[in-house]
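Enquirer: Chain by chain, the residues run as shown.
There are 2 protein chains.
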Amino acid sequence: MELAQATAMLARTPKTLETLLTGLPPEWVHRNDGPGTWSAYEILGHLLHGEATNWLPRARMILEHGADRPFEPFDRLAMLTWERGPVDALLTRFTEARRASLDELSSHDLSASDLDRRGRHPEFGEVTLGQMLATWVVHDLTHLAQVGEVLARRYRDDVGPWRAYLPALDRVAEAE
Amino acid sequence: MELAQATAMLARTPKTLETLLTGLPPEWVHRNDGPGTWSAYEILGHLLHGEATNWLPRARMILEHGADRPFEPFDRLAMLTWERGPVDALLTRFTEARRASLDELSSHDLSASDLDRRGRHPEFGEVTLGQMLATWVVHDLTHLAQVGEVLARRYRDDVGPWRAYLPALDRVAEAE
Numbered sequence: 011m012e013l014a015q016a017t018a019m020l021a022r023t024p025k026t027l028e029t030l031l032t033g034l035p036p037e038w039v040h041r042n043d044g045p046g047t048w049s050a051y052e053i054l055g056h057l058l059h060g061e062a063t064n065w066l067p068r069a070r071m072i073l074e075h076g077a078d079r080p081f082e083p084f085d086r087l088a089m090l091t092w093e094r095g096p097v098d099a100l101l102t103r104f105t106e107a108r109r110a111s112l113d114e115l116s117s118h119d120l121s122a123s124d125l126d127r128r129g130r131h132p133e134f135g136e137v138t139l140g141q142m143l144a145t146w147v148v149h150d151l152t153h154l155a156q157v158g159e160v161l162a163r164r165y166r167d168d169v170g171p172w173r174a175y176l177p178a179l180d181r182v183a184e185a186e
Numbered sequence: 011m012e013l014a015q016a017t018a019m020l021a022r023t024p025k026t027l028e029t030l031l032t033g034l035p036p037e038w039v040h041r042n043d044g045p046g047t048w049s050a051y052e053i054l055g056h057l058l059h060g061e062a063t064n065w066l067p068r069a070r071m072i073l074e075h076g077a078d079r080p081f082e083p084f085d086r087l088a089m090l091t092w093e094r095g096p097v098d099a100l101l102t103r104f105t106e107a108r109r110a111s112l113d114e115l116s117s118h119d120l121s122a123s124d125l126d127r128r129g130r131h132p133e134f135g136e137v138t139l140g141q142m143l144a145t146w147v148v149h150d151l152t153h154l155a156q157v158g159e160v161l162a163r164r165y166r167d168d169v170g171p172w173r174a175y176l177p178a179l180d181r182v183a184e185a186e
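Taken in sequence, the protein lines are chains A and B.
Under the working numbering, the first sequence is numbered contiguously, ending at residue 186.
Under the working numbering, the second sequence is numbered contiguously, ending at residue 186.
Hints should not be assumed to be uniformly reliable.
[As the list claims (entries may be wrong)] Derived SDA-like pairs (lysine to any residue); straight-line CA-CA distance at most 25 Å: (1) A:K25 to A:T47; (2) B:K25 to A:T29; (3) B:K25 to B:R41; (4) B:K25 to B:R109; (5) A:K25 to B:T32; (6) B:K25 to B:P35; (7) B:K25 to B:M89; (8) B:K25 to A:A18; (9) B:K25 to A:E37; (10) A:K25 to B:A18; (11) B:K25 to B:H40; (12) A:K25 to B:T29; (13) B:K25 to B:E93; (14) B:K25 to A:R22; (15) B:K25 to B:S117; (16) A:K25 to B:E37; (17) B:K25 to A:Q15; (18) B:K25 to A:R41; (19) B:K25 to A:T105.
[Stated by the list, open to error] Pairwise CB distance ranges, derived in the manner of DEER restraints: (20) B:E114 to A:R127: 39 to 45 Å; (21) A:E12 to B:R181: 23 to 29 Å; (22) B:F134 to A:R181: 17 to 23 Å; (23) B:E114 to A:R181: 30 to 36 Å; (24) B:T105 to A:G33: 16 to 22 Å; (25) A:T102 to B:E106: 55 to 61 Å.
Derived by calculation from the structure, the hints in this document are not laboratory data.
Note that the Cβ used here is the ideal one computed from N, Cα and C, for glycine as well.
Using the sequences and the hints, build the whole thing.
Expert: Shown next as structure tokens:
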């Protein structure tokens, strides 16, 4: 993993989601696939929550304490209890939070060898800063994919016989 | 399916893909998951090819000939034989082609009842214009999801133990 490429990808995500979701009608942005599945709005909330409580806090922990102190567990479901507001406001908050995260990351002026610095995951044990940053990128991209699919399934019945060619319409939605 | 909502979603796709893919390094934009799977570049090519040969040609066939004449089969793999150019050029072509498609669709001034007009799919038999337009939207969104996942899998090994929490990294890539 090359740090500059990873952070450049992370910097794209808010704009990509903004393009896809700004002003989208509630029937689209709040639809989910049943109990235990997430709407596009909730996925965006999950990403926003990660900015505040997951990625940078863990990077700080690695840089300050190494593997001596474990990360705080990340509450993947926190956003489900939030009061629902307009999606555009959530997009703005995510854009700002991501920018702040990347600014702070950049301020550490990390070298390639810093990516080998170790932290302690509460479940996995020792992990590296590089693994965590790669995970951040993957997490963005797979949640973007999840947004695309939950939006697509709004038209599951509308496509008629084409459903046979669109396996994603019948994929069990996962809240990853 | 509400026509204005469907076309508004179709109009978002080029910009969403542009945000995600413009200037992306070749190691990312051309990676695939092995034989029979598509890179982000190839998925974009598949979408571009559909503009020229699939969606509007079929809409025209429905509006001009109803169910009397079957659609031409769509060559899903045409883009795999194209000469590879810069992704930014392909994004520009897709943006222009999509705009032309939506302009032409808009010129037909379709009413809600037009969505019930029938055409003949070479395999499914009778289908409606509305089903075809819903399929177009779903096709965009599921291919956007596919792009997100093929990009994500570049870091399959880099994430270390987090792979256990990221099932999309081990999902068999499908060329849908």
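Enquirer: Does each hint fit the structure? Answer for all of them.
Expert: Hint check:
{"no.": "1", "hint": "A:K25 to A:T47", "result": "holds (24 Å)"}
{"no.": "2", "hint": "B:K25 to A:T29", "result": "holds (7 Å)"}
{"no.": "3", "hint": "B:K25 to B:R41", "result": "holds (21 Å)"}
{"no.": "4", "hint": "B:K25 to B:R109", "result": "holds (11 Å)"}
{"no.": "5", "hint": "A:K25 to B:T32", "result": "holds (12 Å)"}
{"no.": "6", "hint": "B:K25 to B:P35", "result": "holds (18 Å)"}
{"no.": "7", "hint": "B:K25 to B:M89", "result": "holds (20 Å)"}
{"no.": "8", "hint": "B:K25 to A:A18", "result": "holds (18 Å)"}
{"no.": "9", "hint": "B:K25 to A:E37", "result": "holds (22 Å)"}
{"no.": "10", "hint": "A:K25 to B:A18", "result": "holds (18 Å)"}
{"no.": "11", "hint": "B:K25 to B:H40", "result": "holds (19 Å)"}
{"no.": "12", "hint": "A:K25 to B:T29", "result": "holds (7 Å)"}
{"no.": "13", "hint": "B:K25 to B:E93", "result": "holds (23 Å)"}
{"no.": "14", "hint": "B:K25 to A:R22", "result": "holds (12 Å)"}
{"no.": "15", "hint": "B:K25 to B:S117", "result": "holds (22 Å)"}
{"no.": "16", "hint": "A:K25 to B:E37", "result": "holds (22 Å)"}
{"no.": "17", "hint": "B:K25 to A:Q15", "result": "holds (21 Å)"}
{"no.": "18", "hint": "B:K25 to A:R41", "result": "holds (23 Å)"}
{"no.": "19", "hint": "B:K25 to A:T105", "result": "holds (17 Å)"}
{"no.": "20", "hint": "B:E114 to A:R127: 39 to 45 Å", "result": "violated (56 Å)"}
{"no.": "21", "hint": "A:E12 to B:R181: 23 to 29 Å", "result": "holds (24 Å)"}
{"no.": "22", "hint": "B:F134 to A:R181: 17 to 23 Å", "result": "holds (21 Å)"}
{"no.": "23", "hint": "B:E114 to A:R181: 30 to 36 Å", "result": "holds (32 Å)"}
{"no.": "24", "hint": "B:T105 to A:G33: 16 to 22 Å", "result": "holds (20 Å)"}
{"no.": "25", "hint": "A:T102 to B:E106: 55 to 61 Å", "result": "violated (30 Å)"}
Hint compliance for this structure: hints 20 and 25 are broken, all remaining hints hold.
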